[in-house]
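A.B. asks: So you can see what is in the structure, the chains are spelled out below.
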Amino acid sequence: MYQLSDKQIDYIFDDISARGVEMESLQQNLLDHICCIIEQNLEANGDFENFYQKTIKTFYKDALWEIEEETILLLTFKNYYTMKKIMIISGTFSAVVMSIGIFFKFMHWPGAALCILLGIVISSLVFLPLLFTLKAKEKQTIKDKLILGLATFSGILISSAVLFKIMHWPGANMMGLTFVIIMLVLYIPLYFFSGIKNPEAKVNTIVTTIIMIMGCGLFLTLVNSRPTTRNLSDSEIEYLANDEVMIKNESEKLNKIAGSDTSLTKSIARAEEIYKICEELKADILEYEIGYKSITTDLKGKNILVSNALVNNLFGSNRELYEKKISRLDKLIQEQRIYCWLEKVRLTKKEEVSRPQILFNSSVLFNDFDFIYYNNTVFGAYKNISDVQLNSIEDLKEFVELKQLLNKQPS
Amino acid sequence: MIYSSELIKGTLKTIVLKLLADNKKMYGYEITQRVKELTLDKIQITEGALYPTLHALESDGLVTTETEFIGKRVRKYYSLSPSGKNKTKEKVSELADFMDTMKFLLDIKPKTA
Numbered sequence: 000m001y002q003l004s005d006k007q008i009d010y011i012f013d014d015i016s017a018r019g020v021e022m023e024s025l026q027q028n029l030l031d032h033i034c035c036i037i038e039q040n041l042e043a044n045g046d047f048e049n050f051y052q053k054t055i056k057t058f059y060k061d062a063l064w065e066i067e068e069e070t071i072l073l074l075t076f077k078n079y080y081t082m083k084k085i086m087i088i089s090g091t092f093s094a095v096v097m098s099i100g101i102f103f104k105f106m107h108w109p110g111a112a113l114c115i116l117l118g119i120v121i122s123s124l125v126f127l128p129l130l131f132t133l134k135a136k137e138k139q140t141i142k143d144k145l146i147l148g149l150a151t152f153s154g155i156l157i158s159s160a161v162l163f164k165i166m167h168w169p170g171a172n173m174m175g176l177t178f179v180i181i182m183l184v185l186y187i188p189l190y191f192f193s194g195i196k197n198p199e200a201k202v203n204t205i206v207t208t209i210i211m212i213m214g215c216g217l218f219l220t221l222v223n224s225r226p227t228t229r230n231l232s233d234s235e236i237e238y239l240a241n242d243e244v245m246i247k248n249e250s251e252k253l254n255k256i257a258g259s260d261t262s263l264t265k266s267i268a269r270a271e272e273i274y275k276i277c278e279e280l281k282a283d284i285l286e287y288e289i290g291y292k293s294i295t296t297d298l299k300g301k302n303i304l305v306s307n308a309l310v311n312n313l314f315g316s317n318r319e320l321y322e323k324k325i326s327r328l329d330k331l332i333q334e335q336r337i338y339c340w341l342e343k344v345r346l347t348k349k350e351e352v353s354r355p356q357i358l359f360n361s362s363v364l365f366n367d368f369d370f371i372y373y374n375n376t377v378f379g380a381y382k383n384i385s386d387v388q389l390n391s392i393e394d395l396k397e398f399v400e401l402k403q404l405l406n407k408q409p410s
Numbered sequence: 000m001i002y003s004s005e006l007i008k009g010t011l012k013t014i015v016l017k018l019l020a021d022n023k024k025m026y027g028y029e030i031t032q033r034v035k036e037l038t039l040d041k042i043q044i045t046e047g048a049l050y051p052t053l054h055a056l057e058s059d060g061l062v063t064t065e066t067e068f069i070g071k072r073v074r075k076y077y078s079l080s081p082s083g084k085n086k087t088k089e090k091v092s093e094l095a096d097f098m099d100t101m102k103f104l105l106d107i108k109p110k111t112a
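Protein sequence lines, in the order shown, are assigned to chains A and B.
Every letter in the first sequence is one number past the one before it in numbering that gives the first Met the number 0, and letter 329, counting from 1, is 328.
Every letter in the second sequence is one number past the one before it in numbering that gives the first Met the number 0, and letter 86, counting from 1, is 85.
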């Protein structure tokens with residue numbers, strides 16, 4: 000039995016380190032193991048150096064650090080597989096849930112928002128970070144890791160932007176814009192210049208870069224982050240101001256000719272409410288868009304700007320109130336039209352008399368409002384409401400005039 | 000006859016766990032010697048396979064370690080954790096079942112028939 004000296008133990012320890020084994024606990028394990036073998040098998044007066052070199056060679060095939068490599072592989076192997084599994088499951092789950100959510104949204108079924116929320120949250124908080132962690136291991140250079148990190152961040156940003164947008168939370172456009180800026184200023188140049196150097200990936204890089212730039216352009220149009228503006232010309236101001244004056248005059252005329260007729264009290268009250276709601280809506284819209292509550296000829300030469308911002312932006316902040324007002328207005332106008340038509344038919348005893356379309360497809364008018372509400376520009380909505388207002392006044396006035404005309408004729 | 004390393008690789012975890020279950024605490028060299036002894040030199044666990052496995056078992060929480068200083072060097076003793084004890088039973092019965100299946104699959108007749 001051989002007795003190892005401290006010096007020899009140090010020698011073995013240094014040799015193990017020199018052979019590339021860096022994990023402390025593995026170094027200790029191997030040191031103890033070799034010492035045990037030497038102490039058990041070497042005779043008391045044997046050749047330490049020779050015996051050690053022979054023994055250590057039996058530990059490996061090519062190099063001692065293989066043991067450490069195998070250890071690290073075993074330690075990370077299990078994690079790697081669980082992570083990969085979670086990544087695939089979360090990715091599939093979020094994709095499925097999001098698709099269901101979008102389908103529900105189209106069908107106006109309940110639960111759509113929850114599904115979309117769940118899908119986006121899981122994909123941006125679980126799937127994308129895991130994808131990054133796993134892919135980052137494969138990348139060698141810091142530059143590649145940076146590109147990957149940027150891509151992940153952009154992915155999280157874009158999905159949050161979409162989420163904020165559909166939930167009408169503030170900041171969606173800001174996130175969308177940040178995403179586009181990161182893509183255009185940082186990610187695409189980095190991606191392009193690192194990919195173009197590799198002859199094999201050259202064509203792919205160019206194609207992908209072009210597609211990404213196109214995608215950013217399309218997205219920017221969707222985000223509509225900067226509404227374009229134009230000056231309202233003096234002639235247009237004049238025209239709109241005249242419309243306002245006309246609406247006011249016609250309304251006053253109507254009140255004058257119908258005021259004494261008690262059978263018209265109900266329809267006049269309805270006309271007044273329509274007038275009032277339209278005025279309120281218009282005042283809100285104008286104040287939001289141009290800073291004034293009404294359009295008069297005084298605004299000429301004042302450099303009035305109008306944008307192509309959607310009216311949704313205005314209504315979005317106080318949706319419930321506007322929804323209430325608009326559906327009330329819609330109901331009143333339908334009632335008024337039907338009333339006018341029925342009365343005209345009764346008076347003339349002819350069914351063909353200016354039959355309003357509304358009676359046969361009551362959704363037509365409502366769709367007008369839908370259009371005002373969702374897709375129109377702020378300024379377009381103002382014009383639409385003006386039209387609706389004027390039409391409803393003219394409609395009732397026409398009936399009242401007809402009624403008075405018939406009353407004057409000898410029966 | 001010495002078994003090939005491929006055969007041993009799949010069963011090494013089970014062997015180590017079972018040895019620790021029977022012996023309370025052991026260190027690396029001791030494990031290799033005990034296996035050699037018990038199998039009459041038929042199974043020789045290499046250092047390159049044993050230590051990675053021990054580290055993996057430790058990170059899985061199946062074994063715990065305690066260190067002891069032997070002069071200038073440190074000896075690491077391994078023993079089973081409570082979850083390791085359960086895992087050992089599971090692994091041993093799995094292997095027994097596997098061996099039965101293999102016997103049937105490869106149509107191996109018992110030697111003493």
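Keep in mind that the hints were calculated from the coordinates and are not lab data.
The C-beta atom is built at its ideal place from N, Cα and C for all residues, glycine as well.
It cannot be assumed that every hint is accurate.
Said to hold, decoys possible - Facing chain B, according to a computed beta carbon distance under 7 Å, are these residues of chain A, among others:
{"hint": "1", "residue": "Leu30"}
{"hint": "2", "residue": "Trp64"}
{"hint": "3", "residue": "Ile66"}
{"hint": "4", "residue": "Thr75"}
{"hint": "5", "residue": "Tyr80"}
{"hint": "6", "residue": "Glu272"}
{"hint": "7", "residue": "Tyr274"}
{"hint": "8", "residue": "Ile276"}
Claimed, not checked - Rough simulated footprint, nothing fancy, chain B against chain A, three-plus residues with beta-carbon under 8 Å:
{"hint": "9", "stretch": "32-45"}
{"hint": "10", "stretch": "333-345"}
A.B. asks: Taking 7 Å as the limit, does the beta-carbon of Thr75 of chain A come near enough to a beta-carbon in chain B?
C.D. replies: violated, 10 Å
A.B. asks: Taking 7 Å as the limit, does the beta-carbon of Glu272 of chain A come near enough to a beta-carbon in chain B?
C.D. replies: Where the cut-off is 7 Å and the nearest Cβ of chain B is about 74 Å from Glu272 of chain A, the hint is violated.
A.B. asks: Double-check Ile66 of chain A for me: the hint is only fine if its C-beta lies closer than 7 Å to a C-beta in chain B.
C.D. replies: This interface hint holds because 5 Å falls under the 7 Å limit.
A.B. asks: Report holds or violated for the interface hint on Ile276 of chain A, using the least CB-CB distance to chain B and a cut-off of 7 Å.
C.D. replies: violated, 70 Å
A.B. asks: Under the criterion of a CB-CB separation shorter than 7 Å, is Tyr274 of chain A in contact with chain B as hinted?
C.D. replies: violated, 77 Å
A.B. asks: Please check whether Leu30 of chain A passes as an interface residue: C-beta within 7 Å of a C-beta belonging to chain B.
C.D. replies: With a minimum Cβ separation of about 5 Å from chain B (threshold 7 Å), the hint on Leu30 of chain A holds.
A.B. asks: Please check whether Trp64 of chain A passes as an interface residue: C-beta within 7 Å of a C-beta belonging to chain B.
C.D. replies: Because about 11 Å separates Trp64 of chain A from the closest Cβ in chain B, which is outside the 7 Å limit, the hint is violated.
A.B. asks: Check, residue by residue, whether the stretch 333-345 of chain A contains three or more positions whose beta-carbon lies closer than 8 Å to a beta-carbon of chain B, and give the verdict.
C.D. replies: violated (count 0)
A.B. asks: Taking 8 Å as the Cβ threshold, is the statement that the stretch 32-45 of chain A is covered by chain B upheld or broken by the three-residue rule?
C.D. replies: Coverage by chain B holds here, the residue count being 4 at a Cβ distance below 8 Å.
A.B. asks: Per the CB criterion, is Tyr80 of chain A less than 7 Å away from chain B?
C.D. replies: At about 13 Å, which exceeds the 7 Å cut-off, the nearest Cβ of chain B leaves the hint on Tyr80 of chain A violated.
Against the hints set out earlier in the document, violations occur for numbers 2, 4, 5, 6, 7, 8 and 10.
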